Amino acid sequence: MTINEIQDKIIDEFSLFDDWMDKYNLLIDLGKDLPVIDPKFKVKDFLIEGCQSKVWLHPEFDGSIISFTADSDAIITRGIVALLIKVMSKRTPEEIIGADLYFIDKIGLRQHLSPTRSNGLLSMVRQIKLYAMAYDAIKK
Amino acid sequence: MKNISEIRADFPILSRKVYDKPLVYFDNGATTQKPQCVIDALSSVYTSYNANIHRGIHFLSDLSSEAYENSREKVRAFINAGKKEEIIFTSGTTGSINGIAFSFGERFIKPGDEIIISHLEHHANIVPWQMMCERKGAVLRVIPVNDAGEIILEDYFKLLSSRTRIVSVTQVSNAFGTVLPVKEIVDAAHAMNIPVMIDGAQGIQHGIVDVKALDCDFYVFSGHKLYGPNGIGILYGKEKWLSELPPFQGGGDMVDKVTFEKTTYNELPFKFEAGTMNYTGAIGLSAALDYIQDIGRENIASREKELLSYATERLSAIKGLRIYGTSKNKISTLSFLLRDIHQYDTGMILDKMGIAVRTGTHCAQPLMNRYGIEGTVRASICFYNTTEEIDILAAGIEKVKSMFA
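Top to bottom, those sequences are chains A and B.
Count along the first sequence from 1, then add 929; that gives the number in this note's numbering.
Count along the second sequence from 1, then add 58; that gives the number in this note's numbering.
Calculated directly from the structure, the hints in this document are not laboratory data.
This one's a predicted model, so the numbers in the text were calculated from it and none came from an experiment.
Among the clues, some could well be false.
Straight-line Cα separation of at most 30 Å, DSBU-like style, residue types lysine-lysine; simulated pairs [as the list claims (entries may be wrong)]: (1) B/Lys410 x A/Lys938; (2) A/Lys983 x A/Lys1015; (3) A/Lys961 x B/Lys79; (4) A/Lys1035 x B/Lys410; (5) B/Lys270 x B/Lys141; (6) A/Lys952 x B/Lys75; (7) B/Lys457 x A/Lys961; (8) B/Lys79 x A/Lys1035; (9) A/Lys952 x B/Lys377; (10) A/Lys961 x B/Lys459; (11) A/Lys983 x B/Lys377; (12) B/Lys410 x A/Lys1015; (13) A/Lys938 x A/Lys1035; (14) B/Lys459 x A/Lys983; (15) A/Lys1035 x B/Lys75; (16) B/Lys457 x A/Lys1035; (17) A/Lys952 x B/Lys459; (18) B/Lys270 x B/Lys386; (19) A/Lys961 x B/Lys377; (20) A/Lys1058 x A/Lys969; (21) B/Lys459 x A/Lys971; (22) B/Lys459 x A/Lys1015; (23) A/Lys1015 x B/Lys457; (24) A/Lys952 x B/Lys457; (25) A/Lys952 x B/Lys410; (26) B/Lys386 x B/Lys216; (27) B/Lys270 x B/Lys298; (28) A/Lys1015 x A/Lys1069; (29) B/Lys459 x A/Lys1035; (30) A/Lys1019 x A/Lys971; (31) B/Lys410 x A/Lys983; (32) A/Lys983 x B/Lys457; (33) B/Lys296 x B/Lys168; (34) B/Lys79 x A/Lys952; (35) B/Lys410 x A/Lys961.
Ranges of calculated distance between the beta carbons of each label pair, as one might list FRET restraints [what the hints assert, rightly or not]: (36) A/Asp948 x B/Arg74: 19 to 25 Å; (37) B/Thr89 x A/Asp948: 29 to 35 Å; (38) B/Ser301 x A/Asp974: 51 to 57 Å; (39) B/Glu446 x A/Gly1037: 24 to 30 Å; (40) B/Tyr104 x A/Glu934: 49 to 55 Å.
Idealized CB from N, CA, C, for every residue including glycine.
Taking the hints into account, I'd like the entire structure generated from these sequences.
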């Protein structure tokens, strides 16, 4: 599936819920299901520090595809991290660089990616793109 | 005293909804909401007499200058300062502390001198002193706290020495609500001729402050935490200190004679008020002080005491909830964590229920480190809150617990 196909699938999934509580319960579940990041990557080098919550992001590049693992100390943040990983992991640098992340807005969680909310998520998106640009440069 | 519905009707924002639910505002420690009379005062400046202060010869400038100076007098009376000249308008508590730390450092601090603060301080009463210490080669000393979140007074007495140049402590901890024994702190310092600055940002709105009785050398606070506008604050200083200190900002209005060779400064309080001051904010603050006097500061204090005691009882009964800051002498603040649930998660869910709290380190990272935590959820109460709102908060916390079970 392309980045946009996965985004549309997530939007569909969230559209089943009218109630914010159900959305957050889904996020909490997604957070719980997020594959565990290797503890050796939960170090300062991979830490994206927000004022409110922390995010760890680790990239792996096999020469054509970038895979990300990630974690957060807050569960709701972790749920959104899980969604971002679903969308952005196991992609080529070009796909990541060109991605337009519209699903967060569409599922009504825009506030979590706002610059006024310092939870590490906005920086995580930027960091994902930066890794992609760096690997793209290496490849070339 | 007005009853609670009358009080709440004075604050238009309190009747709004968030996410279709009635707003429950427990973030008063960050900023307080404004009564209609403050909003009207601001609006009337702009609709009927806006003009820059002190320098016009025209009618409107006279009006606004007079209103600005009346505000100064009102602040003087509110904190019982001796003279109007001892009241300096600033941008807020942070502006006031930065100003004093700079000027005091320039005038009095030499390498090896010591400045005492406490472990309960907000970053605003840590960083400006640290910056000054770095500039002057001075040393910052910190009064430790116990597990209840109270400063250890005996350790403070031991820190006082012939090297101490100034003590700067908060009146009330913003993170925990602990009330500090500021009178004892001032008296002990004065016995050794050391001046004391009190950060009143979290103190002044909860009761009566009398700087003469307290005898502190400096007292600072913000308008916006006192039901007034933001961007206006106060630096009170005893005249003997303010006359000796150099200005912390240069510019218009603070000067006497300016030549390219030498500038002489204006007299107090204008020496410390460079450029166009926030006169609108000062006038709004004055309206807020009138409002508080009208409600009655004793009434505010006793009502807030009842609310805190009710909230402490309700929240303590929640299994898995731990309150940080358990001093008997506390004001208006409940800082807590719920089991192992991250404070951000708790805050996010409470927000969705229309409950505004603050989460995080509360600009007091050293204090959070002392307790080995990354932050807390802070509900800060004031007199316009109700026991029903506390019930909503308690129910909200139970809901959070069930969602993260």
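Problem set entry | Given hint A/Lys1015 paired with B/Lys410 - CA-CA distance at most 30 Å | 26 Å, holds
Exercise. Would the pair B/Lys459 and A/Lys983 pass a check requiring their Cα atoms to be no farther apart than 30 Å?
Worked result: OK: B/Lys459 and A/Lys983 at ~21 Å, within 30 Å.
Exercise. Using the C-beta atoms of B/Thr89 and A/Asp948, is the stated range 29 to 35 Å upheld?
Worked result: 31 Å, holds
For this session: Could you grab the alpha-carbon distance between B/Lys459 and A/Lys1015 and see if it respects the 30 Å cut-off?
Result: Holds, at about 28 Å.
Exercise. Holds or violated: are the alpha carbons of B/Lys296 and B/Lys168 at most 30 Å from each other?
Worked result: Holds, at roughly 22 Å.
Problem set entry | Pair hint A/Lys1035 and B/Lys75, alpha-carbon separation not exceeding 30 Å | Judged against 30 Å, a Cα distance of about 23 Å means the pair holds.
For this session: For the pair supplied as a hint, B/Lys386 and B/Lys216, confirm whether the alpha-carbon distance does not exceed 30 Å.
Result: 24 Å, holds
For this session: For the pair we were handed, A/Lys952 and B/Lys377, check the Cα-Cα distance against 30 Å.
Result: 26 Å, holds
Problem set entry | Hint consistency between B/Lys270 and B/Lys386 [alpha-carbon to alpha-carbon, up to 30 Å] | 26 Å, holds
Problem set entry | Pairwise hint evaluation, B/Lys457 against A/Lys1015, where the allowed Cα distance is 30 Å at most | 29 Å, holds
For this session: Quickly compare the C-alpha distance for A/Lys961 and B/Lys459 to 30 Å and report which way the hint goes.
Result: 16 Å, holds
Exercise. Hey, A/Lys1058 versus A/Lys969, does the alpha-carbon distance stay inside 30 Å?
Worked result: With Cα atoms ~23 Å apart, A/Lys1058 and A/Lys969 stay inside 30 Å; holds.
Taken one by one, the earlier hints all hold for this structure without exception.
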